[in-house]
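Each chain, written out:
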Amino acid sequence: MVNSDSSPPPLLVATGLCKSFGGIKAVQDAEIQVTCGSITGLIGPNGAGKTTLFNLLSNFIRPDKGRVIFDGKPIQHLPPHQIAREGLVRTFQVARALSRLSVLDNMLLAAQKQTGEKFWQVQFQPLVIAKEEKQHRERAMAILESVGLASKATDYAGSLSGGQRKLLEIGRALMANPKLILLDEPAAGVNPRLIDEICDRIVSWNKAGMTFLIIEHNMDVIMSLCNRVWVMAEGKNLADGTPEEIQCHPKVLEAYLGK
Amino acid sequence: MVQYLVFLALSTSIFALFSLGLNLQWGFTGLINFGHVAFMTLGAYTTVLLSLKGVPLLLAALIGAILAALLGLVIGFVTLRLREDYLAIVTIGVGELIRLIVNNQDLPVGNTWISGAFGIQSYPIPLANLQPNLLLKLVMIGLLTLLAVITFYWLWRWIRSKGTSKLVDSPKQVRKKPDFILRLLGGGLLGLLAAAIYISGIIALYDYEPKAGLMLLSLLVLAFVFWRLEVLVRSPWGRVLKAIREDEEVPKALGKNVFWYKLQSFMLGGAIAGIAGALFAWQLSAIYPDNFQPQLTFDAWTMVILGGSGNNVGTILGAVIYFAYDTLTREFLPRIFTNLSSDQLGAFRIMVIGLILMVLMIWRPQGILGKKEELTLGK
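Top to bottom, those sequences are chains L and E. Residue 4 is where the first sequence starts when you use this note's numbering, and the numbers rise one by one after that. Residue 937 is where the second sequence starts when you use this note's numbering, and the numbers rise one by one after that.
Bound conformation, chain E alone (with noise of 0.2 Å):
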């Protein structure tokens, strides 16, 4: 159960993480992005293929984020100019192209060069062979004892925050209290589950086992990035990320570069998704390029969408929800349904989240943190 438990925090803070890539590409700037999984290939690869070089681990991390933000401007830079649909086309492409390039050709891994297809094992991974003494062991638990107070109180606040939103006094006061009900409800379950995790990384943190210091690292690095990321998109050049979303001529028409914010909005994204490669890499311990599959790039929109695009928290959100239905669902339906076979069953979870989506679409298009108001709004 513990193992588990810091399994699933793991999962979900580098999908996280790669997830918060895409929605600043097209939650806060419009791109549409169906390559994201491009990013992730060439920052894991780079991560690993360096580390076997000898070249120190967070450096190999650090140089498979700038590699991949090149890869962004690279995309960007024929493609930005054009219409948005080129942009999506292209992604689509190079997204599959990375993938056949390290399947196809040899690597160079270490001191010898080896066929793609044979994927890559044994590399360093962080903290992997840490022996903490107790001191060590205490400042580890420390770190996810102050994650864990800032995510109680954000959810505490959230729960206890006024339904209707600050920006349009909206005319349905009566649906407040339901609202809160429904708050509760989730920030309650949401509760539950940070405390399991919780307990469990304290527990795993302590008898050091290496996948909980790496579930320590990557929910750091998450919570670093989603702070700068808020930061960024309440600064200026955020908005002027969001008035490119909503119509790029007009902060053309104020002064603003704007092919010149779309590439650097594309290059960020394109870096932290590098990041989030590095990390899975260090989680599979051993990679291969059918772990890089386009199905990780539509994995993020759901989580993005989920959340309700342009808003990081529900993206965040929209990660957790996707685990933690794919944890239930794994533990559970072949329960129910004893008389289908296992890939059958892997298909039918597959369905419930596309039927989920289009429920979601119907019921709540602006996905669960997003503000209806945005979506009624006429151009």
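Isolated chain L (complex conformation) (with noise of 0.2 Å):
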């Protein structure tokens, strides 16, 4: 089928990912798209490899086989850094803050292109780093404003509990100014109020134009807010479709409660 005129283009297609480690296959065969401007969902049971096909996906483990297009332009050669330079930034399961960093220098940290970051520019164009700095602070200080992290930027990072360490996370993949997010369990080990706060901030950041891949076990948060879910289990591709479709897709449910 091609694209109807209505849906907008698929910013990242991914096809026939595999990835075996010794004899265990993670990854067989499998595949994903997101659309330019979506909330796409990723779920599966325990072991289903979601992990593992964000890895994929960002080149942090090199798959076997496969094919990963993102924008237009195959990335699947590219090294993880160069991956998230073109505009495909990833979080992590347990949220990895620099601990002995402060929160504004976590986020700091994510701007990209800075002129500071090249050994000799910081000997010789002091000006304008400083310059830059100020725009990137201010920044950094508007998204922790709206993760509601604001108060706590001159703070060593490692002092966040587990839920803030998770928006430090988000807000610094948005820092990045990233054309698509993996969001790889936003909401585990969150309590619930903080939940629906990182919920409703996805959904406006998703307003204002960005696109997010989730991966996430908690179903309220995948039916409210995706607007296409993929399903893996064991590996392997099993459905893909609308929430509704999804929750009441026979294959599905029977990967999660069994036969």
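Just so you know, these hints were derived from the structure itself, not from any lab. No residue lacks a Cβ here, since even glycine has one placed at the ideal position from N, Cα and C. Fair warning: there could be bad hints in the mix.
When the alpha-carbon atoms are kept at most 30 Å apart in a straight line, the in silico DSSO-like pairs for lysine-lysine are as follows [stated by the list, open to error]:
1. E:K1147 / L:K155
2. E:K1307 / L:K121
3. L:K116 / E:K1178
4. L:K137 / L:K210
5. L:K137 / E:K1307
6. L:K155 / E:K1307
7. E:K1178 / L:K182
8. E:K1178 / L:K134
9. L:K121 / E:K1178
10. E:K1147 / E:K989
11. E:K1178 / L:K137
Between beta-carbon pairs, the in silico distance windows are [as the list claims (entries may be wrong)]:
12. E:V1010 / L:L130: 30 to 38 Å
13. E:P1301 / L:C251: 51 to 59 Å
14. E:P992 / L:Q126: 20 to 28 Å
15. E:Y1144 / L:Q128: 35 to 43 Å
16. L:P77 / E:A1024: 31 to 39 Å
17. L:S149 / E:V1010: 41 to 49 Å
18. L:E248 / E:P1301: 23 to 31 Å
19. L:S149 / E:L1033: 49 to 57 Å
20. L:L130 / E:P1068: 35 to 43 Å
21. L:A153 / E:G1282: 51 to 59 Å
22. L:Q128 / E:A1024: 33 to 41 Å
Short, incomplete list of chain L residues facing chain E, as computed with Cβ under 8 Å [unchecked claim]:
23. H80
24. H84
25. R88
26. L101
27. S102
28. D108
29. L111
30. L112
31. Q117
32. G119
If you follow the hints, you should be able to join the two separate chains into one complex; please do so.
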């Protein structure tokens, strides 16, 4: 089927991704598509290979086989940092705050194309760098404000709670100004009130034009956020469709509940 | 006394420089380097051998630093992609390797080849044959005064500074007062030491002694390197290094070329150690492979840990304390333990350093200037 005029073009298309660890086939011939401007969900029972698929998409783990096309360009051969520069930024299942850096520094790290990250520019362009830092700092504070961490900006990131680290990590991904953010279980280990807050934020950023691909076990989150859901089980694609279709898909129910 | 203080300032500044290189690699980037002396050896031998061939001294030292950086590139290129313990192992090996090469190979000393085991003597040393007129003496004294003024200003600011760190509001407000008294005592002692060195420096520069010129040179180099390092670690460049130290997957996921930054840090730290090596060779005025024992690497580690790793001021402070300890025990231990031989005393002094480090690790594991909060933070 060719895209109809109304549906936007896919931002990310992965096909035929395979990865084995020794004899274990963690991901087998998996595919996924993320349309531009959508919130796409990726669900599946534990051990289904969801996080491995994220690692393959961002090339933190090299796929054995398969193609990943992002924004019209093949990216599966690029090293992880270049994929991030192309605009595909991932977060981690266990939030990784840089403990001994301040919350603000955690955010500033994510800014792209900083002049001050080049050794020689630090020597010769102090004024340009100071100006850039000021702009980045303003933007970082605005994002911290929106995730409710502005008052913690000068604290060490290591002093944040688990839920706050999740928020910091999402904020940090936004700071990188990507085209697509891969969120790995943003609601895991977060208290219900904070989950609602995180969901609200994701919706409002999505309205502002950000595309998300989300792994999540919390079905309420998936059902309320996603336009389209992909289901994996035992390393393979099981189904995909709208949240409503997935909810009553017989194969999905079987994978989750058994026969 | 004057000569001794000049010697002390010279040694301290050279090893502070050497340790600053290690602090960049370990304290800021988290790279474990157990063969730091390799860079120093390479820097020292390159400088000395090139200057014997007639290359101008400063150019020779610069080439030494560049070669040390290239050594860092080679070591880093093969190990930095692997887990961090591989770097630790390879650096131990390279440290010994370089020393064994200069020990066993014939080296091109001037126009002849001489076995490295005989060492290298009578090479040119900067400012050694200088006969300064009054103006030049005054300029040199002026430079020394400038350094002294900066040092005193910082000491004063540090003594008066608020004890609590800005980053975390510490609940221990009560402990402020003893902290202030401790700082006053420590700062006062350091101030006295600095003043003694400053006065000796003026005397030695006025009745010009070559060692005093070399001391001024290495203090200036140290000040310059310290200044540039402070600028670097506070820049976005330094932020990436610190991020790598904390968790290298994060900067990778945010588009930073982690491998390349580790290489840069490793090379720059190596180049700094290379310059320290050139100064060390000039101080010794004759170098032998035995001057570059692995012990030096661990002295640098002691200095970095003592002052608080990831803190350039702390590293310099660590070097000052190390040499102050060295001097004091050399002077007073023989008087206290009159029945011990000099060999026993030497071993005893090293044992006490170990003991101090252990006590420090229990009582203040973050080092003297390190921040306690940084240690207790979970990953």
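Results of checking the hints against the structure:
no.: 1; hint: E:K1147 / L:K155; result: violated (52 Å)
no.: 2; hint: E:K1307 / L:K121; result: holds (28 Å)
no.: 3; hint: L:K116 / E:K1178; result: holds (18 Å)
no.: 4; hint: L:K137 / L:K210; result: holds (27 Å)
no.: 5; hint: L:K137 / E:K1307; result: holds (26 Å)
no.: 6; hint: L:K155 / E:K1307; result: holds (18 Å)
no.: 7; hint: E:K1178 / L:K182; result: holds (26 Å)
no.: 8; hint: E:K1178 / L:K134; result: holds (22 Å)
no.: 9; hint: L:K121 / E:K1178; result: holds (15 Å)
no.: 10; hint: E:K1147 / E:K989; result: holds (23 Å)
no.: 11; hint: E:K1178 / L:K137; result: holds (20 Å)
no.: 12; hint: E:V1010 / L:L130: 30 to 38 Å; result: holds (36 Å)
no.: 13; hint: E:P1301 / L:C251: 51 to 59 Å; result: holds (58 Å)
no.: 14; hint: E:P992 / L:Q126: 20 to 28 Å; result: holds (24 Å)
no.: 15; hint: E:Y1144 / L:Q128: 35 to 43 Å; result: holds (41 Å)
no.: 16; hint: L:P77 / E:A1024: 31 to 39 Å; result: holds (38 Å)
no.: 17; hint: L:S149 / E:V1010: 41 to 49 Å; result: holds (47 Å)
no.: 18; hint: L:E248 / E:P1301: 23 to 31 Å; result: violated (57 Å)
no.: 19; hint: L:S149 / E:L1033: 49 to 57 Å; result: holds (54 Å)
no.: 20; hint: L:L130 / E:P1068: 35 to 43 Å; result: holds (38 Å)
no.: 21; hint: L:A153 / E:G1282: 51 to 59 Å; result: holds (58 Å)
no.: 22; hint: L:Q128 / E:A1024: 33 to 41 Å; result: holds (35 Å)
no.: 23; hint: H80; result: violated (16 Å)
no.: 24; hint: H84; result: holds (5 Å)
no.: 25; hint: R88; result: holds (4 Å)
no.: 26; hint: L101; result: holds (4 Å)
no.: 27; hint: S102; result: holds (4 Å)
no.: 28; hint: D108; result: holds (6 Å)
no.: 29; hint: L111; result: holds (6 Å)
no.: 30; hint: L112; result: holds (5 Å)
no.: 31; hint: Q117; result: holds (5 Å)
no.: 32; hint: G119; result: holds (3 Å)
Checked against the numbered hints given earlier, this structure breaks hints 1, 18 and 23; the rest are met.
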